[in-house]
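Student: First to last, the sequence lines map onto chains A and F. If you count the first sequence from 1, position 120 lands on 120 in the numbering used here, and the numbers rise without skipping. If you count the second sequence from 1, position 353 lands on 353 in the numbering used here, and the numbers rise without skipping.
Simulated from the structure, these hints should not be mistaken for laboratory data. Treat the hints with caution; some may be incorrect.
The list treats identical chains as one, so a pair stands whether inside a single copy or across any two.
Claimed, not checked - Only pairs whose alpha carbons sit at most 30 Å apart, straight line, appear in this in silico DSSO-like list of lysine-lysine: (1) K163 x K184; (2) K276 x K24; (3) K102 x K234; (4) K452 x K37; (5) K163 x K12.
This one's a predicted model, so the numbers in the text were calculated from it and none came from an experiment.
Protein chains: 2
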Amino acid sequence: MSLFESAELGHKVDDATYARRVKKLRADLLDAQYDLKQSGAFAVLVLINGLDGAGKSETVNLFNEWMDPRHIETRAFPAPSDEARQRPPLWRYWQALPPRGKIGIFFGNWYTDPIVERAMRKSERSALPRGINDIQHLEKMLADEGVLLIKYWFHLSEKGQEKRLRKLAKNPRTAWRVTSHDWKLFKRYKPYVSAAERILRETDSAHAPWTLIDGSDENYRELAAGEHLLAQLKRRLADAAAAESTSAAKNGRKTAVKPATSLDRRNVLNSLDMSKHLSDRKYGRELEKWQGQLNLLARHPKFRERSAVLVFEGMDAAGKGGAIRRVTAALDARHYRNIPIAAPTEEERAQPYLWRFWRHLPGHGQIAIFDRSWYGRVLVERVEGFCSEADWMRAYSEINDFERQLVDSGTVISKFWLSVSADEQLRRFKEREETRFKRFKITPDDWRNRDKWPSYEVAVCDMVDRTSTDIAPWHLIAADDKNHARIAILKTVCECLESAL
Amino acid sequence: MSLFESAELGHKVDDATYARRVKKLRADLLDAQYDLKQSGAFAVLVLINGLDGAGKSETVNLFNEWMDPRHIETRAFPAPSDEARQRPPLWRYWQALPPRGKIGIFFGNWYTDPIVERAMRKSERSALPRGINDIQHLEKMLADEGVLLIKYWFHLSEKGQEKRLRKLAKNPRTAWRVTSHDWKLFKRYKPYVSAAERILRETDSAHAPWTLIDGSDENYRELAAGEHLLAQLKRRLADAAAAESTSAAKNGRKTAVKPATSLDRRNVLNSLDMSKHLSDRKYGRELEKWQGQLNLLARHPKFRERSAVLVFEGMDAAGKGGAIRRVTAALDARHYRNIPIAAPTEEERAQPYLWRFWRHLPGHGQIAIFDRSWYGRVLVERVEGFCSEADWMRAYSEINDFERQLVDSGTVISKFWLSVSADEQLRRFKEREETRFKRFKITPDDWRNRDKWPSYEVAVCDMVDRTSTDIAPWHLIAADDKNHARIAILKTVCECLESAL
Chain A
1 MSLFESAELG HKVDDATYAR RVKKLRADLL DAQYDLKQSG AFAVLVLING
51 LDGAGKSETV NLFNEWMDPR HIETRAFPAP SDEARQRPPL WRYWQALPPR
101 GKIGIFFGNW YTDPIVERAM RKSERSALPR GINDIQHLEK MLADEGVLLI
151 KYWFHLSEKG QEKRLRKLAK NPRTAWRVTS HDWKLFKRYK PYVSAAERIL
201 RETDSAHAPW TLIDGSDENY RELAAGEHLL AQLKRRLADA AAAESTSAAK
251 NGRKTAVKPA TSLDRRNVLN SLDMSKHLSD RKYGRELEKW QGQLNLLARH
301 PKFRERSAVL VFEGMDAAGK GGAIRRVTAA LDARHYRNIP IAAPTEEERA
351 QPYLWRFWRH LPGHGQIAIF DRSWYGRVLV ERVEGFCSEA DWMRAYSEIN
401 DFERQLVDSG TVISKFWLSV SADEQLRRFK EREETRFKRF KITPDDWRNR
451 DKWPSYEVAV CDMVDRTSTD IAPWHLIAAD DKNHARIAIL KTVCECLESA
501 L
Chain F
1 MSLFESAELG HKVDDATYAR RVKKLRADLL DAQYDLKQSG AFAVLVLING
51 LDGAGKSETV NLFNEWMDPR HIETRAFPAP SDEARQRPPL WRYWQALPPR
101 GKIGIFFGNW YTDPIVERAM RKSERSALPR GINDIQHLEK MLADEGVLLI
151 KYWFHLSEKG QEKRLRKLAK NPRTAWRVTS HDWKLFKRYK PYVSAAERIL
201 RETDSAHAPW TLIDGSDENY RELAAGEHLL AQLKRRLADA AAAESTSAAK
251 NGRKTAVKPA TSLDRRNVLN SLDMSKHLSD RKYGRELEKW QGQLNLLARH
301 PKFRERSAVL VFEGMDAAGK GGAIRRVTAA LDARHYRNIP IAAPTEEERA
351 QPYLWRFWRH LPGHGQIAIF DRSWYGRVLV ERVEGFCSEA DWMRAYSEIN
401 DFERQLVDSG TVISKFWLSV SADEQLRRFK EREETRFKRF KITPDDWRNR
451 DKWPSYEVAV CDMVDRTSTD IAPWHLIAAD DKNHARIAIL KTVCECLESA
501 L
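Chain A with its partners taken away, still in its complex shape (with noise of 0.2 Å):
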């Protein structure tokens, strides 16, 4: 039985039962959507998917004249413009994300192209489009991130759509609907409503669920949308609600990390050789060296197709600065840019977690330094108790899936661990309270910090074991010496950059 075949049983609803319901709806979603507006407690992400002709374009018009067109933010999806064509396929749908208190529409959106592409046998006939992967992890993310998302599927049989079609075309104010690519399509209706169910199926789940909806019947489409949209808002602001007065118990649950024990007292870290040691003058002939080594590969031809992210991240007065410098010298300012990360800004506030690094993504030819990074969670995070266990626990996998995409798109990672001895830190904290540059005061935070080392240190190694990937490792560097550190790192930053152009 074809998972379709409930949306074609040619439901109908009459015209004085949609009278009466379609106006209390009205008045129930308005509602509604002032309700999530005020609380601005989720987003609310609507796709609309189906076959041309069952009602889309009408729903997504509806649903804009129904409720608040202000509190609505429909995106189109047409052709990817230059910038996004240089960053991962899903960049687009990233920026366009609908912040907490708001409904978004996106008309034409990630399963576009994976059902056209399968029902067209662009790609193997077999195996499910590349892509469903990134879907499925995707809308994961969006539901933990306390999205609600809400996925349609407009439908018709095959001969409803062939008789709606022609009824479109026939008609001069709505011919210009019906293009020589719908009919294409049509005449593929059995393949590309079998490449939706496969798609659709293995993308139903309990987070971001299918809702089908048979367009063969204007009031009754028009009904099934909205109700549905407003059920499942009702039932959000209410759990929202009761969320909200548990709140104080809810914080309890965000425990800080204690530090484990392992049998040994072995780990990644004090494994580390932090005794490596780099004479001045070696340095200065090693910095000159792997300095123009970097300047030529980000010149290189090949790298104008390509990206880079570089990743910093380490102890306070580990050298995280003094390193980015020493690569950033060595490279034009036009092909990179710096990225420090600090508390994130309220519109960020507003969206998921990585959102604020996906809206950073280079362009080709250029290379985003990050300062501190999306690792921010499974760190300080994670040991300050600033979220839940639960939301630093999922980062690892939503962490990987970030990298790989990028790594997918042609982007050239390198993440880099700066390891610095405790006494070391010490040092450096008392060399800082007597400098005279005022940019390296050291703060109370700086001290407070260095009490949860224990603590850092369980984190740090959790995040090298859950996010040193094939593509896209950990290098941990020594760094007690900042001569050895600098010029680990520049080399490692060339390897990288070499081994992928």
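Given chain A, put chain F in place with the hints provided.
Tutor: Frame of chain A, contents of chain F only:
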């Protein structure tokens, strides 16, 4: 005597002097940068221009090396992206403006094309290149917004440039930097320098002066640029600190608007015929007619190369929301975006006033609908005293300039003031208090604003007088009768689009 003569004197600094002064300079620059970041008082924008080989890219790299590159945003502007090409030429610079507390370096900027075009005689011989006027206005606006604007011209004599280019071309490590374009430009040294001279003179002002730097000696060039930058930073930081301490007095100067009484008390608002009325039956017919018309126009093939901006302003309960919904109901949700303007976000507050509108400008084939707009500055901000008189006074010309750039780039602008009488507003307020739609509940703010009616009336009349231009006139709509207002608006939008396409 040429503007550049003093930059061709062959300034020199010996190595010992350089070494001594550069050490102090670097420390001081870092301190100043840190103070800037801490105070967040203003943004710094450094424009890098000059002859090839005169040390432009060296200086950009140097600034990044001497200061903390995490708080410098260096931007180059190669060929505009397709998104940029659909918007006014200055759009991409607006997107890249540094926020308060940061230093932005524009390497390649709004001077690049005008100078090259003029030197190559692409633009008319005698007239200044189109765009110089826009530049003057932009820089004035930036200065008024508190941006510290620093413009460098790096210079070389004709012989000096030839020597430098040959030297760069000879060294295998720098040969890549000398392109055939550079030699082509060098062959036009005299016209290039004369074009630059004229444009520099035209754009040299107290608020955005040019600084000429002799590029022939590296030591001199580096010290001259660095010490100049430092002096500018320090002076402005001192000014900002002084302003801070007198800010209480300054706030006092934010005088709210006083209603003026003209001799006959007549004005554009009370001259409107408020008795206009449209029966429901006629309204139904007209609505269908004009919505159909608007739908056709939005799908007009020529509109695919154009865009539209609709602005809705009016007192509370004037019917903006309802009118907007009658417009959007005629459009495909893929082709318009609603932009409700409320309080600015944190990121928006760190930028010049108009920034938050520039970021929402529509691309080709798109209609942006602003529910309240940039006119907030000369309406609510003026009436409530949220900004100083100087700020709202200059807003008129800034807005006219902004709208002219939009029109020049092919955008159709329709601006509506929905005029509701005090009696009708009162009636609607009372009606709203009884309605069950939560979103219509009125707030104490609404009643408070009502008390300021006379002040708003003055502000509106001034706004219309000063910003109703030939290219973007205000349409004053008698809005006591909703039917009449909605049809008048739809009809006007259609007429504006029709005459443009």
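Student: Failing hints, ascending?
Tutor: 2
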